[in-house]
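Based on these hints, arrange chain R on the given structure of chain U.
These protein sequence lines are chains U and R, in that order. So that you can map any letter, position 74 of the first sequence is 74 in our numbering, and since no number is skipped, the others follow by simple counting. Quick note, our numbering runs 186 ahead of the 1-based positions in the second sequence.
Hints listed in this document are in silico derivations from the structure and should not be mistaken for laboratory results. Glycine residues also receive a C-beta, built at the ideal position from the N, C-alpha and C atoms. Fair warning: there could be bad hints in the mix.
Now the stretches of chain U that chain R is said to cover, found in silico as 3 or more residues with beta-carbon under 8 Å [as the list claims (entries may be wrong)]:
(1) 46–56
(2) 97–107
What follows is a set of in silico ranges between Cβ atoms, one per label pair, in the way DEER data are often shown [as the list claims (entries may be wrong)]:
(3) U:140 x R:388: 55 to 65 Å
(4) U:14 x R:384: 20 to 30 Å
(5) U:141 x R:254: 54 to 64 Å
(6) U:46 x R:388: 46 to 56 Å
(7) U:50 x R:213: 46 to 56 Å
(8) R:319 x U:148: 54 to 64 Å
(9) R:213 x U:185: 35 to 45 Å
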Amino acid sequence: MQTPNLYFFAAIAIFFSVLIVIAGYYYWRNRRSSPAQFEDLFAQLKWIDRNHIAQVALDLVDPSGRSKVDEEAATLEPSQLWNLIGGLDGLEIMERNSEVLIALAFYVQQWYPEAVPVAERLRLDARELKFHVGRLRGAAQQGNLQISFPFYAQRAVTTYYRMTRRVLELYEAANVPMVADLQRSL
Amino acid sequence: MHLTGLDLLFWAAGFVEQLGLLFVLWYRRRAGAFPFFTALVALNVTRTITLYLVNRYGTNNDYAYSYWTLAILDMTLQLCVVYEVASLVFRPLDVWAEDIRSSFVWLISLSLLVALGLTWLGSVPSQTWMQALTTRGNLFASTLLSELFVAMMALSMKVQLPWRTHVAKIAQGLGAYSLISVLIDTGRSYFGTGRERPAFVAISHVRMAAYLGCVTYWIASLWPDEVPARTMTAEMREKLFTLQAQVAYHLQDLRSRKK
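The shape of chain U in the complex, shown without the other chains (with noise of 0.2 Å):
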C-alpha cells in the first residue's frame, strides 16, 4: 500500500460534507415546504388584509387587469402606499405567501396536468414580486427606500394581487371544494 495522500482525503472529506450539508438542508427545507395536504399548504398562508391589496393593485391596473391609462393611475400617496401595505414587512408576507400560492397551484396541478401554465406563470410571477422586494431591501440597506418604495411596492403589491386572484380562478375552474376556504383568504 503506498503513502496516502492527505490532499486528496482531506479534498474528499470536505466535499462529501458539503454536499451531505446542502442535500440534507434542500431535503428538510423540501419536505417543510411542501405538505401534502391542502389544510397543511392553506395554514401557511400569512394573513393580509386583502382590502388593502386590492385597494393598491387597483390604483395601477382596472379590475380586469389591463393598466390604466397615465392620468388615472398611481394616484395613491407614498405615505398612503406604506400604510396600506405594511410597510417592508407586509411585502416579505406577501413574499412568503407567494411560495405558498404556488405550492397551491401545483396541489391541483396534481391532478388537473392542464394545470401546468398557470402554475408555471405564477412562479415567475413570484421570481418578479422577489425582484421588486429585493430592489426594496437593496435600497433599504443604502438609506434610500422612501424614494424606491412607492415605484417598486406598488408593482410588487400589483403582482401579488394577480398571483392570488389566478390561484382563485384556477380553484374556481378546476371546481376544487376547497375554494371558498381560498376565496374568504385571498
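For chain R alone, kept in the frame of chain U given last:
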C-alpha cells in the same frame, strides 16, 4: 477469477432485484415516462448476465474488456438519467424554464471541474493501467453524479419548481447511491483494486449492498401510482383556457412595464 459464496449471493440477489425493477417499470407502465432510467436498469440486467458468463468462460482480459465497456455504457446512461430528471423538473412547459438556464450551465461546469479536480488529485495503488483507469473513472462518475443530483435539488428549491413523486424517488435513489459510491471509490483509491486485496472485496460487497438497497427503494416507490390525473369537463377546460389567456396578457403587460 475465483468467486466466493457471498459474491455469488450478491450477484444472484442483484440480478433478481433488477429483473423485479424492470418488471415494475414495464407492468406499471413507467418505462414510457422514464426511458433512460428503464434503459439503465435493462443494461444492469444485461451486465450481470454478461459478466457472469465472461467470468465463467472467458479470460481475465475478456472480463476486464467487458467490464470497462459496460462501465462506460453505464456511466453514459446514468448521465442520460440526470438529463431525464432535469428535463422533467426544469421543462414544465416543454422548454427549459427561462430563469434557470444560466444557473444550470454554471452548475454543470462547476460540477465537472470539481469532479475532474478530485479525480486528478486521487492516487491509485493499482497493478495495471486498466485498474487505475477503472478506479479513476468510477470516482469521476460518482463525484459528478452526486454533485449533479444535489445541485438539481438545490436549484429546483431555489426557483420553486416542484418534483413529481416518481421523478423525486428516482433522483433520490441515484443521488444517495452516488454519494455512497464517492466513499466507496475513495476507499478503493486508498486500498487499491484487485480481488487479491481483502479490503477491495469487502468494499465491493458494500457497494453491492448499497445498490441492492437502492433497487429495493425504487421497486417500492415506483409500484404505487402518483396522484391519478382527472379529466376536466368542457366547462372547466374553457375556464382554464380563459385564465391562461388572461395570464399571458398580464405577463406581457408586466414585462412591458418593466422596460
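Verification of the hints:
1. 46–56: It is violated, with 0 qualifying residues against the three required.
2. 97–107: holds (count 4)
3. U:140 x R:388: 55 to 65 Å: 58 Å, holds
4. U:14 x R:384: 20 to 30 Å: 29 Å, holds
5. U:141 x R:254: 54 to 64 Å: Hint holds: Cβ distance 56 Å, inside 54 to 64 Å.
6. U:46 x R:388: 46 to 56 Å: 53 Å, holds
7. U:50 x R:213: 46 to 56 Å: Since the Cβ atoms of residue 50 of chain U and residue 213 of chain R sit about 49 Å apart, the hinted range of 46 to 56 Å holds.
8. R:319 x U:148: 54 to 64 Å: 58 Å, holds
9. R:213 x U:185: 35 to 45 Å: For residue 185 of chain U against residue 213 of chain R, whose Cβ atoms are near 43 Å apart, the range 35 to 45 Å holds.
Hint compliance for this structure: hint 1 alone is broken.
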